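**Student:** Listed below, chain by chain, are the residues.
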Amino acid sequence: MRSKTRNAIITLISLWVIVFGGVPLLLLLITSFLKQHPDDFLSLSFSLKSYYQLVDPVYGEVMFRSVRQAGLTTLLCLIVGYPFAWITCRLQSRYRLAVLILMMIPFLTNSLIRTYAVRILLGTNGLINRSLLFLGLVDTPIKIMYTDLAVTLGLVYLMLPFMVLPLYANLEKFDYRLVEVSRDLGAGPIYTFRTVVWPLTLPGIIAGCIMVFVPTMGLFYVATLLGGARDLLVGNLIHQQFLISRNWPQGSALSVVLILMMILMLGFYGLVLLRLTKRREVV
Amino acid sequence: MITKFIAWALPAIIMLLPVSISAAEKVYVYNWTEYIPEAVLQQFTKETKIKVIYTTYDSNETMYAKLKLVRGEGYDVVFPSTYFVNKMSREGMLQPLDHSLIPNIGELDSAVLDKEFDPGNVYSVPYMWGSTGIAVNTDIIDAALVTSWRDLWSSEYKGQLLLQDDMREVFHMALKINGHSSNTRDPKEIEAAYNLLKELMPNVLLFNSDSPRLPYLAGEVNVGMIWNGEAWMAQQENKAITYVYPSEGANFWIDSFVVPKGANNVENAHKFIAFMLRPDIAKMCVEENGFATPVTTALPLIDEDVRRSRTIFPSAEIISRGEFQTDVGEALVIYQKYWEKLRSGQ
Amino acid sequence: MKKSHLFYLTIIFIYLYVPIAVLGINAFNLNRYGLRWDGFTFKWFVAMVENPGLMEAARNSFIVAISSASLATILGALGAIGIYLYRFKGRFILRGSLLTMMMIPDIIFAIALLVLFLICGISLGFWSLLLAHTTFCLPFTVVTVLARLHGFDPYLLDAAKDLGASESQVLRRIIIPLLLPALIASWLLCFTLSLDDVIVSSFVTGPSFDVLPLKIFSMVKVGVKPEVNALATIMVLISIVLVVISQYLIKERKQ
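Here the protein sequences come in this chain order: A, B and C. Mapping of the first sequence onto our numbering: residues 1 to 283, in sequence order. Mapping of the second sequence onto our numbering: residues 1 to 346, in sequence order. Mapping of the third sequence onto our numbering: residues 1 to 255, in sequence order.
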């Protein structure tokens, strides 16, 4: 089937991916090996300095903090989102649609606006503190704003739909009869969950985790708005180096390391998935 | 296929048309946040029919990087601080101003003209000048306890301070405490300042240079750094917020109008500058922003209490205790290195 | 429905909607800081509309969102169709690349494109933003359309070919109409992603083209701005309208 249409389509999409996807990333890699120019952006001379400087424990700390923040957010989203998706799947179909739509609306609302909304609640004079004071649960307002807690709360708030939607897509296909069969055979709920539900829903869980973890690593503005730009995360650091310190090689090197980390993690998830499917074939 | 493409692309094209057709007179102003009252901009457009496209930045470094990125094209008027005027003119990023188009230069305070960062005011004309000092919410904290930069280091204020997100200003504090010049180029002195600042970090709650008065007004922060103008604006809403000139010396700076080399609307840029330097306009800026204006003919027009405010117009003694920022040349890279370490570490 | 289930759902929805609701209420609150209710007013909406910078940024954002969503949907649909239908060398590489693109955090994409634009001398403004948004929306479109394609009956296409339809006719008459729900879903997704984007925009847009997220970001960096409350309320309303419309369209198609 060699027609003009087919060739045109393939060429068009391939070209776009290469030019705007592959080439920039390649350029980024190259940039990380260049030297910083005092007045301009890049000077075309080879240097390993950017990678050398990454050895400084300061960068390790930033990475660690970012991974910890993203990981915590992902975990919380999973804990909150899994039951939500499960319950939604068990609903009758007309309620299900309503629930999904209600979940979609915040998802489609601008994330900046939602972060701003969270900020209003968390302030010293915000709704949460004033409710707590009113109810007499605390004597003085608790400081939430500009702390790590605020950033985590904000991130979970933003990313929850990203966890729920893949989970839901996966759980929808789940055959609840398997659970009933397991119960009939005398298994308790925990055992059922561990051996029946968990393995079959794992692909959805992994998809959800990836959908939350990856963007969270780069979401620097939430940390700025809710965390007071105090402790820099990877996203902030890259932003700073590119748009403020103008140390493009350094920023690129940091990004390359970030990409490598992502690839490692995704590779790990891919392996887990592979082993799962093999096991399922046996079953 | 084609029809589908057109059906979807057409609306986009139609919406793009207004963008290209509206060839109204424009001027692109790139400025610090909340530095020009909205009313002033509207009056400018009303009088000259020139539309003002206004974007903001919160630090000199951000402004500089952005300008480098767009190769100076696209912005017509920018407001760098003293040492950045040096830096940018040295690197050929600015174009000389046409003084014939700015008649009221003669009305400016000679004390802020012809300074070493721009002899003869070839590239810049001062807009406003001010200082960076300490803000205290006297409802919560006794003002007598906070009179020097050193006081901010007290363990009493753990996790409570607001600091400007500005490298030179933060370093100014430590350098002054150590008895060094805020414009030093000595790597040892800068390193000593860095070590002192590391001790301050646990006290910092947040860094911000956008509208530093808002966290004070919201009650999130009760003590920390602030620009005098922001403190003035805060005072209008909450009398308890006071501005303190620290005993080691406040940081003084001048922000000037410049026109980048690649500017597209040079004539409109000059019209804008001339407009802003009019005494009646300068008066509006001072009364709203709380910074001092170099326009001498504006002073008699300003409200009595505003003119008397020490926050806006400090005494000569306070000024001499403080220090004006100037260029540090190549040493800027050393500052940047330590600043990044400071902000990344815990 | 079990009581515990209902309880859980309600709690989650409260968590999701209270912040937005507070925003919506304060948009009509006379009191600037939303600390107490001072009275009902429309004045923040008026202030919002009268803010020329805000309106211009909003218009710019919509133009880019519509254009990039359309472009990404078209390209993505074509790409998905190509990958699904045709066996060609590099098919898996292409598919893999698209999936990889989805995995890379926005910020890295943004700076990579910035480097590209700088080296090619593309000036930053509408076009750079359009290219950037289309590129990062592309993988989402492809994945969405591919998912729909996998539910296809391949015999349908063979039947059409046997009846003498040409390549492009098959495309136009059969595939695209059947794909419409996926196309609509992709367009909506891309539109939202583009309108929402802070990260990429902060790197690749220029002085001549200010966009809404950046404008809002600089306005809210430290505090409450009532005009933003008004804007936020409107944006939530727009989201609601979009979701309802899309559900309606998809339902229609199903019939």
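Treat the hints with care, since some could be wrong.
Think about it this way: if two alpha-carbon atoms lie no more than 30 angstroms apart in a straight line, the pair counts; the simulated DSS-like pairs of lysine-lysine are [to be verified]:
#1 B/Lys239 x C/Lys3
#2 A/Lys35 x B/Lys87
#3 B/Lys239 x B/Lys283
#4 B/Lys68 x B/Lys87
#5 B/Lys46 x B/Lys337
#6 C/Lys225 x B/Lys26
#7 B/Lys337 x B/Lys158
#8 B/Lys87 x B/Lys46
#9 A/Lys35 x A/Lys49
#10 A/Lys49 x B/Lys341
#11 B/Lys283 x B/Lys51
#12 A/Lys143 x B/Lys239
#13 B/Lys261 x B/Lys271
#14 B/Lys49 x B/Lys283
#15 B/Lys87 x B/Lys26
#16 B/Lys283 x C/Lys43
#17 A/Lys143 x B/Lys198
#18 B/Lys66 x A/Lys35
#19 B/Lys188 x B/Lys198
#20 B/Lys26 x B/Lys46
#21 A/Lys4 x C/Lys43
#22 B/Lys49 x B/Lys66
#23 B/Lys51 x B/Lys68
#24 C/Lys225 x A/Lys143
#25 B/Lys261 x A/Lys35
#26 B/Lys198 x B/Lys26
#27 B/Lys51 x C/Lys43
#28 B/Lys337 x A/Lys49
#29 B/Lys158 x C/Lys43
#30 A/Lys49 x B/Lys198
#31 B/Lys46 x B/Lys158
#32 B/Lys51 x A/Lys143
#33 A/Lys49 x B/Lys26
#34 C/Lys43 x B/Lys26
#35 B/Lys115 x B/Lys66
#36 B/Lys283 x C/Lys225
One side only, chain B facing chain A, incomplete, derived with CB under 10 angstroms [claimed, not checked]:
#37 Tyr64
#38 Ala65
#39 Lys66
#40 His99
If you are wondering where the hints come from, they were derived from the structure by calculation, not from laboratory data. On a predicted model such as this, the values are computed, not experimentally measured, just so you know. For each residue, glycine too, the CB sits at the ideal point set by N, CA and C.
**Student:** Determine for every hint whether it applies to the structure shown.
**Tutor:** Evaluated hints:
1. Straight-line distance between C-alpha atoms of B/Lys239 and C/Lys3 comes to about 53 angstroms, which puts the hinted pair past the 30 angstroms bound.
2. Between the alpha carbons of A/Lys35 and B/Lys87 the distance comes to roughly 21 angstroms, so the proposed pair stays at or under 30 angstroms and holds.
3. Annotation: proposed proximity of B/Lys239 to B/Lys283 holds, straight-line Cα distance about 22 angstroms (limit 30 angstroms).
4. Restraint check for B/Lys68 and B/Lys87: satisfied, since their Cα atoms lie roughly 12 angstroms apart, inside the 30 angstroms limit.
5. Using a Cα cut-off of 30 angstroms, the hinted pair B/Lys46 and B/Lys337 is violated, with the two alpha carbons roughly 46 angstroms apart.
6. Annotation: proposed proximity of C/Lys225 to B/Lys26 holds, straight-line Cα distance about 27 angstroms (limit 30 angstroms).
7. Our distance criterion of 30 angstroms between C-alpha atoms is met by B/Lys337 and B/Lys158, whose separation comes to about 25 angstroms.
8. At roughly 35 angstroms between alpha-carbon atoms, B/Lys87 and B/Lys46 are farther apart than 30 angstroms, so this suggested pair is violated.
9. Annotation: proposed proximity of A/Lys35 to A/Lys49 holds, straight-line Cα distance about 7 angstroms (limit 30 angstroms).
10. Between A/Lys49 and B/Lys341 the CA atoms are separated by roughly 16 angstroms; this keeps the pair inside 30 angstroms, and the hint holds.
11. Restraint check for B/Lys283 and B/Lys51: satisfied, since their Cα atoms lie roughly 22 angstroms apart, inside the 30 angstroms limit.
12. Proximity of A/Lys143 to B/Lys239 is assessed by CA-CA distance (about 23 angstroms); at most 30 angstroms being required, the pair is judged to hold.
13. A distance of roughly 17 angstroms separates the Cα atoms of B/Lys261 and B/Lys271; the hinted pair therefore holds under the 30 angstroms criterion.
14. Proposed proximity of B/Lys49 and B/Lys283 is supported: the alpha carbons are some 22 angstroms apart, at most 30 angstroms.
15. Pair hint B/Lys87 plus B/Lys26 holds up; C-alpha atoms about 27 angstroms apart against a cutoff of 30 angstroms.
16. Of the pairs offered as hints, the one joining B/Lys283 and C/Lys43 holds, with about 27 angstroms between alpha carbons and a cut-off of 30 angstroms not exceeded.
17. Our distance criterion of 30 angstroms between C-alpha atoms is met by A/Lys143 and B/Lys198, whose separation comes to about 23 angstroms.
18. For the proposed pair B/Lys66 and A/Lys35, the alpha carbon gap of about 20 angstroms is at most 30 angstroms, so the pair holds.
19. Distance hint between B/Lys188 and B/Lys198 is fulfilled; the C-alpha atoms sit about 15 angstroms from each other, no more than 30 angstroms.
20. Between B/Lys26 and B/Lys46, the direct Cα distance comes to roughly 13 angstroms. Compliance with the 30 angstroms bound is thereby established for this hinted pair.
21. For the hint pairing A/Lys4 with C/Lys43, the CA-to-CA distance comes to about 58 angstroms; that exceeds 30 angstroms, so the pair is violated.
22. Restraint check for B/Lys49 and B/Lys66: the C-alpha separation of about 28 angstroms stays at or below 30 angstroms, so the hint holds.
23. Of the pairs offered as hints, the one joining B/Lys51 and B/Lys68 holds, with about 25 angstroms between alpha carbons and a cut-off of 30 angstroms not exceeded.
24. Between the alpha carbons of C/Lys225 and A/Lys143 the distance comes to roughly 21 angstroms, so the proposed pair stays at or under 30 angstroms and holds.
25. For the hint linking B/Lys261 to A/Lys35, the alpha-carbon distance of about 26 angstroms falls within 30 angstroms, and the restraint holds.
26. Using a Cα cut-off of 30 angstroms, the hinted pair B/Lys198 and B/Lys26 is violated, with the two alpha carbons roughly 46 angstroms apart.
27. Taking the CA atoms of B/Lys51 and C/Lys43, the gap is near 24 angstroms; set against the 30 angstroms cutoff, the hint holds.
28. Proximity of B/Lys337 to A/Lys49 is assessed by CA-CA distance (about 14 angstroms); at most 30 angstroms being required, the pair is judged to hold.
29. Distance hint between B/Lys158 and C/Lys43 is unfulfilled; the C-alpha atoms sit about 41 angstroms from each other, more than 30 angstroms.
30. Restraint check for A/Lys49 and B/Lys198: the C-alpha separation of about 25 angstroms stays at or below 30 angstroms, so the hint holds.
31. With a CA separation close to 50 angstroms, the supplied pair B/Lys46 and B/Lys158 exceeds the 30 angstroms bound.
32. With a CA separation close to 43 angstroms, the supplied pair B/Lys51 and A/Lys143 exceeds the 30 angstroms bound.
33. Between A/Lys49 and B/Lys26 the CA atoms are separated by roughly 44 angstroms; this puts the pair beyond 30 angstroms, and the hint is violated.
34. A C-alpha spacing of about 28 angstroms is found between C/Lys43 and B/Lys26, which places the hinted pair at or below 30 angstroms, so the restraint holds.
35. Proximity of B/Lys115 to B/Lys66 is assessed by CA-CA distance (about 26 angstroms); at most 30 angstroms being required, the pair is judged to hold.
36. A hinted pair counts as satisfied when its Cα atoms are at most 30 angstroms apart, and B/Lys283 with C/Lys225 qualifies at roughly 25 angstroms.
37. Satisfaction of the interface hint for B/Tyr64 is found here, the shortest Cβ-Cβ separation to chain A being roughly 8 angstroms, below the 10 angstroms cut-off.
38. Annotation: interface hint on B/Ala65 holds; nearest CB of chain A at approximately 5 angstroms, less than 10 angstroms.
39. About 7 angstroms separates the beta-carbon of B/Lys66 from the nearest beta-carbon of chain A, less than 10 angstroms, and the hint is met.
40. Residue-level restraint check for B/His99 is violated (minimum Cβ-Cβ distance to chain A is 28 angstroms; threshold 10 angstroms).
Checked against the numbered hints above, the structure breaks hints 1, 5, 8, 21, 26, 29, 31, 32, 33, 40 and satisfies the rest.
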